[in-house]
Amino acid sequence: MTNLAVTDLHKGFGSQPVLTGVDLEVPAGSLTAILGPSGSGKTTLLRVVVGFERVDRGEVRIGGKVVDDGDRYVSPEDRSIGYVPQEGALFPHLTVGRNVAFGLAKSVRRSGVVGDLLELVGLRGWGSRYPHQLSGGQQQRVALARALAINPSLVLLDEPFSSLDASLRANVRADVQAVLRRSGTTALLVTHDQDEALSWADHVAVISEGRIGQFDTPHALYSHPKDAGVARFLGEANLMPGTVGADGVRTELGVLVLETWSTVPASGRVTVMVRPEQLELSTEADGAPLAGVVREYQYFGHDAVVKVQPDAGPADARLVVRINGGTPFVPGTRVGVRARGPVLAWGPADPLPEPA
Amino acid sequence: MTTTLETPPSPPPQSAMTPAKPSGSTRAPRGLVFLAGAVAVLLLVPLAFLVLEAVQYGWGAVVPKLFRQLTLSLLWNTISLSVVVTALCAVIGTLAAWCVERTDLPGRRIWAVLVVIPVGIPDFAVAFGWKSVFESVGGFGGAVLVMTFAVYPLVYLPVAASLRNADPGQEEVARSLGVGRYRTFWRVTVGQSRLAVMGGCVLVCLVVFAEYGAFEILGYRTFTTEIFSEFNTGFDTAAACALSLVLVLLSVAVLAGEAATRGRGGVSRIGPMAARLVRPQPLGRAKVPVLGAFVVLVALALGVPLGAIVYWLFAGTSSTLPPASVASAAWHTAFYAAAAGVLSTVLALPVALLSVRHPSWRAMTLERSTYLVLAMPGLVIALAFTYFSERYASGFLYQSAYLLIAAYAIMFFPLALVAVRSSVARAPASFEEIGRSLGRGRLAVLWSVTLPLVAPGLAAAFCLVFLEAVTELTATLVLIPTGAQTLSTQFWVFQTNGSYGQAAPYAALMILIAAVPSYVLGRWFDRLPSRATVPK
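These protein sequences, in sequence, are chains S and V. Following the numbering used here from start to finish, the first sequence increments by one per residue and tops out at 356. Following the numbering used here from start to finish, the second sequence increments by one per residue and tops out at 536.
Simulated from the structure, these hints should not be mistaken for laboratory data. Hints may be right or wrong, so weigh each one.
What follows is a list of derived Cβ distance ranges for each label pair [as the list claims (entries may be wrong)]: (1) V:338 to S:151: 44 to 52 angstroms; (2) S:305 to V:362: 26 to 34 angstroms; (3) S:151 to V:108: 53 to 61 angstroms; (4) V:45 to S:8: 48 to 56 angstroms; (5) S:211 to V:364: 29 to 37 angstroms; (6) V:362 to S:151: 46 to 54 angstroms; (7) S:8 to V:364: 48 to 56 angstroms; (8) V:34 to S:133: 23 to 31 angstroms; (9) V:447 to S:211: 36 to 44 angstroms.
Footprint (simulated), chain S over chain V, 3 or more residues, beta carbon under 8 angstroms [said to hold, decoys possible]: (10) 421-432; (11) 446-453.
Note that beta-carbon positions come from the ideal geometry of N, C-alpha and C, so glycine has one too.
With the rest of the complex left out, here is chain V (with noise of 0.2 angstroms):
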């Protein structure tokens, strides 16, 4: 046996009458803090240059850039229709939630899977669906139609899981408390569902502030594409840097509001109870009207964009098209969007087990300030990441692979820390403790148990960030290294020049391409309330 005796680095020596000092096993160790600091400084970084960018120009610049017409009307643009989509999903989405896993409406199944599929679709793919279909449909009206069938599942997602997962007893007993059955929908159902409902609200309207191609498709004015073509036309780099900074306020209202509501409490439940199986409620005579609105829905929200894309695969003159083109744009595309999943998925592990391993009010601050990137939308950070390499880097690393990767990482961290936070969360640390009893330092259990143990959280992790990265189009616009192509910008040229039938292919692949990690994603959802953490 080798022992080596550690000296704490602080406590001077004890008098016997001096109080206790904090416990030892929860102090975090310095390696572990120092990372996950690091990865919360660079998750920052872009928030950072952006800050110093407006700086630099300083308030005679930047002010009247701000102060004027256009910005009052590019704020009531982004303002009303996230507004009106968001309380559209919200109601879609929570409806369809509670008919599919509350009542019995024929072919349940079949449309919890068909309802969600249009989450894979990219918003300007299914943008491109309606517009090269109808193409009269455009402005407030077509913006507010393509992002709500894009965007409800959204709401869908979280308020279905979280009604699998609420206690049916609870409603039995308010039923026994006497209280009637509306009314007991109204204060439990819905109540152990808002929660899931506002979180999946706040999603939608993070996402109507930061899409640009569905709304460059449509003809729609907001914050994000204006900052675009101020960016790539006018190169008027004071102006999209003030842009930006509204936007990112904004989207921090956001998520500031749905935290104040949320109450300090902030957790719904504190593990996942056994579901058991819950009575359907009867339908009855709404039964054919309610499938009449599903069929309506999934040929809205799935039919128009995958119609309209299989339609133009072979109206379209296809033959045209250089076949290389294709497959290095998917290399490329799935080259940048796995290498992204691997980076935020490793950066995400240092932040989860610190907030998890080593719970502390330092702890926590640190890992809730990486969801601050939530507010920066892409667009925003691919900028941040060009002034940075055009000012301070002398255009290094301005269009490189890097720089990209970088830009997909950061964006999409959250989700890889989402993800991989829960995966740790349900491997006891008892394992790690047994572990280091047995011999081993802190690295080989990291590396012989802890890391096996969140190993399906890990691949969670990559596969949602692969997913999204796939299907990303604004960064990649601005950051895509020269002479490269990933699927959507290709899709993007050939969209923007109304050869609808080239662009089709890059989509159709784009769709496929990520419909391989949700498909795995799925499958590791689904096991999540059955994985016993400690083997009976």
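Excised from the complex, chain S in its bound form (with noise of 0.2 angstroms):
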């Protein structure tokens, strides 16, 4: 069953187009995340869904029911969703009880159903404090209890843990996953955040100048990524060119083994994929397929990132490796690289991107 369906929407502010033809089926009961950087439109995507904005071409139906194709529409207030906007936006003049109840009908507000809400946040207790005596992790959950307060068949949330502290994030973040699971209602997060949008999301959409790039679970789309574009996108990746053989994909590491979903041809040149995490380091050039200069060490404490010069290339050309933090690597020190396991290569017209 799918609950959100977006067809072939199109929506511009004046001259300016911002979606050019996005295709989208959430699920019903799944939470899905909007993964695009500043500009994709991601924002807009989730106003004409709400109906704070119109289509210009395109449809969306909500629960099978058309809500806006161009020609019918149906107000904000007549489609039943949960919208949690950035900042929270509680009202200021309201309590955080009467938040809550804001979009009950005046019978229900009495039956305790605002406490059960914010029990489900943990914030039972609360309902008499204004907004502005409680922190932005509480003000963000209480702005999705009054998102869930009116049953909504779908929730939207946009970029709501963005205005949070990076120590509070993932405690929010994972509070109102659970939130949402628990009571089992459709979420759509917009984020620009693709650690967020990993870990929080059951599917993941790429959006990117105006379309949906891919659409995918998040782990499919890590390993699978359809394009050097997305695999870019999503964490760091080292792209090199590649010849396809018989005994697999001729690189500057050697000859590797392809995945058996790449989409490449028998044989010829094709664009190679290795995640930093796939090579791995040699503190001597002895047997490694390539034989490089480290240039660079961060380390984070659970790992750490090792950026290596190859001695075949350009004096730019960096590999990057991510190793477990034990060894510390001085710049300067001569490594060799191998990788591991099979990688994946995108068939001949791709073009490197340039790193972003």
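Dock the two chains into a complex; use the hints.
Here it is as structure tokens:
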């Protein structure tokens, strides 16, 4: 069953096109993230779905019902969509309890529903406070309770965690995810943070230049991005030219095994992606297929990133290697680099994108 | 969930290739457009009456009234006075604001209060104060003296506000770019306040054009005093009408001139900037003379009128005054002013909502058109209403409370609009969007979200209009309901008879009543910069 279906959606402001043919299907009860850089049109997509903006062309269906196709239009108050904006936007003149009760019918307000909703977000007993007496994380949780109060068919979250401190963000994110799972609500989260999208959602839609580039599970998206652009956007990737032969793909890292789902011709030139964690370093340039010099070493505690300049190649070429934090590599050290496991490659026409 | 499918009015069935139509959300609800349009029309009604009246008399009757020696001398009187008063106010207001906001003048906080208070004293009460103490004050010199000290706060207030909000970083950047201290003052500081000075000067000019009471007391003839006496004594309505049109044209010229020099941008800054503490400029050896100047300014602007009123309060024969009359006049004054405050605020809301929430060139034009009211002196609005009720309503509404309240509400509409508009602009639209996503319709959201959020602005609008209406004299004299008296008309009766002692209590009470909303307004404007729109 599909809860939200967007078909061939076009939307522009003045002469500036923002969305140019978005197709998206969000399964009922799932958590979906829309991931894209700023200016990619992800917030506009959200505002069209909730009804604050009208489509120019295309169709939006919620629960199978058309809510906007450029002709027919259901106003926001009749769509039953919970909306959580960036700063929560709690009504400053109402208490927490009355904020949560805002969308409820008067008869329902006294039935303890508000208390239950506050319980759900872990804020029972806070109903008589005012928004300014709450921390940022608490405000976001109240905003979620307010959105859930109307028993929505869909909850939309517009970068709701970006205004929170980094230390608070992960916790609030997990809380919100747990609440949404418990209530079984379909939710759509807009974000530019790939860690957030990958860790939070069941499905991720990558949006760029007004279209959905790829829609998949986080795991599938990371391990088999459909092109180099998506691969670059989802974490660091070493992209290099390769030649397909009978035994695999020949690259500067030697002959590597191809992933079975790589879409490449039987022979010829391709683009190969090697994730940093697929590479390993040895201290001496002995039997390794590639030798180089360490140029940068960034230590993160749980792991470290080493940037290596290959001997054979231009001076500004870098291979990014993610290693366990154990051994420090001083810049200038000579190392050998070797790749583990099968790698992904795309077929001949794909030019190497500029590093992000 | 109840789902209603609206069919938008205009779009024909579109083929897949038709270009995109304009964004839906910026389309204003038709009810709001209709209301705002109705308000704009209502505000321009007096002007329409005036033109209609002139047309009825025909050129043959109006032209001879215009082209005569009297018109020329009135024109000279009005323009020369407003030029001199405006220039003096610009100098006094700007220098006083700079000294209070940017120098180490001792007692800056007290001076900041004292130099503003004269704005709350009606100009005719200031004239009364001077005339009742110094019998010889009068003519051009007297008019310049009284008007300058009565209205210079109209320049002081906006300039002080702009200096407070101006980014001191700009001055620091200028200094770092090698521009010296004095050139920095001229090029940056004065530049920052230029729009504020001009805005204040326009207000001063319009006030001088519209003033009646003060000039009547001082025996100085301007367009407004002449219109009033044509109307009052001779009932020469054709002449009053012709002169009114000239006065309106003068005011329009001033407003247009300001708009033209302001340039296309028009906005001096985008939002209130975080004001940092600026290191005050040391006055050095000028400290004592500057302090002396402030003492003189406050003594002349505040001491003379208040002193005179207090003097007559005790020296006069207030025992002969029937006390019930004061109470009744105070009641009528407060009632009319409060009703006008409510009406103006209610009228301002749809115009503010339309122009802030659904900006388009049509909404802007509509909003701007309401500022034309500024060019209509109260007397002209009152006369237009009088003609209307006599000619088209067979005197039905003439000298009824409705007409007086409507005249106040229209006269002071621009003040209400400024206050309501700024508070609507500060309440983010996202609150309204959330309200609608939670299942409440437009009207329910207006009631439960928008109105509570803009309530401080509505209160400020009410107070501004109330304050002005309490001290209004000219339109009130024309439109006062039969049998009723307000504080200002009763004051006028006694003052005209030379019963200064009996006039004084009315002036004192008027200033006291006006002081309450002034205090509320002061609190509101103080809170403006610190109010966060979105709580963190």
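> Taking the beta carbons of residue 8 (chain S) and residue 364 (chain V), is their distance inside 48 to 56 angstroms?
Replying inline: Taking Cβ atoms as reference, residue 8 (chain S) and residue 364 (chain V) lie about 35 angstroms apart, which means the hint is violated.
> Do residue 34 (chain V) and residue 133 (chain S) keep their Cβ atoms within the hinted range of 23 to 31 angstroms?
Replying inline: violated (41 angstroms)
>> Using a Cβ cutoff of 8 angstroms, are there at least 3 residues of the segment 446-453 of chain V near chain S, or does the coverage claim fail?
In response: The restraint on the segment 446-453 of chain V holds, since 4 of its residues have a Cβ under 8 angstroms from chain S and three suffice.
> Do residue 211 (chain S) and residue 364 (chain V) keep their Cβ atoms within the hinted range of 29 to 37 angstroms?
Replying inline: Between residue 211 (chain S) and residue 364 (chain V), where Cβ atoms are some 35 angstroms apart, the hint holds.
> Should the hint that residue 362 (chain V) and residue 151 (chain S) are 46 to 54 angstroms apart at their CB atoms be regarded as holding?
Replying inline: violated (40 angstroms)
>> Taking 8 angstroms as the Cβ threshold, is the statement that the segment 421-432 of chain V is covered by chain S upheld or broken by the three-residue rule?
In response: With 3 residues in contact (Cβ-Cβ under 8 angstroms with chain S), the coverage given for the segment 421-432 of chain V holds.
>> Between the beta carbons of residue 305 (chain S) and residue 362 (chain V), is the distance compatible with 26 to 34 angstroms?
In response: Violated - the Cβ-Cβ distance for residue 305 (chain S) and residue 362 (chain V), about 57 angstroms, lies outside 26 to 34 angstroms.
>> Just to be sure I understand the hint, the distance between the Cβ atoms of residue 338 (chain V) and residue 151 (chain S) should be within 44 to 52 angstroms; is that true here?
In response: holds (45 angstroms)
> Are residue 447 (chain V) and residue 211 (chain S) spaced within 36 to 44 angstroms by their CB atoms?
Replying inline: Since the Cβ atoms of residue 447 (chain V) and residue 211 (chain S) sit about 41 angstroms apart, the hinted range of 36 to 44 angstroms holds.
>> Verify the CB-CB distance for residue 45 (chain V) and residue 8 (chain S) against the hinted window 48 to 56 angstroms.
In response: holds (51 angstroms)
> Between residue 151 (chain S) and residue 108 (chain V), does the beta-carbon spacing fit 53 to 61 angstroms?
Replying inline: Between residue 151 (chain S) and residue 108 (chain V), where Cβ atoms are some 58 angstroms apart, the hint holds.
The earlier numbered hints that this structure contradicts are 2, 6, 7, 8.
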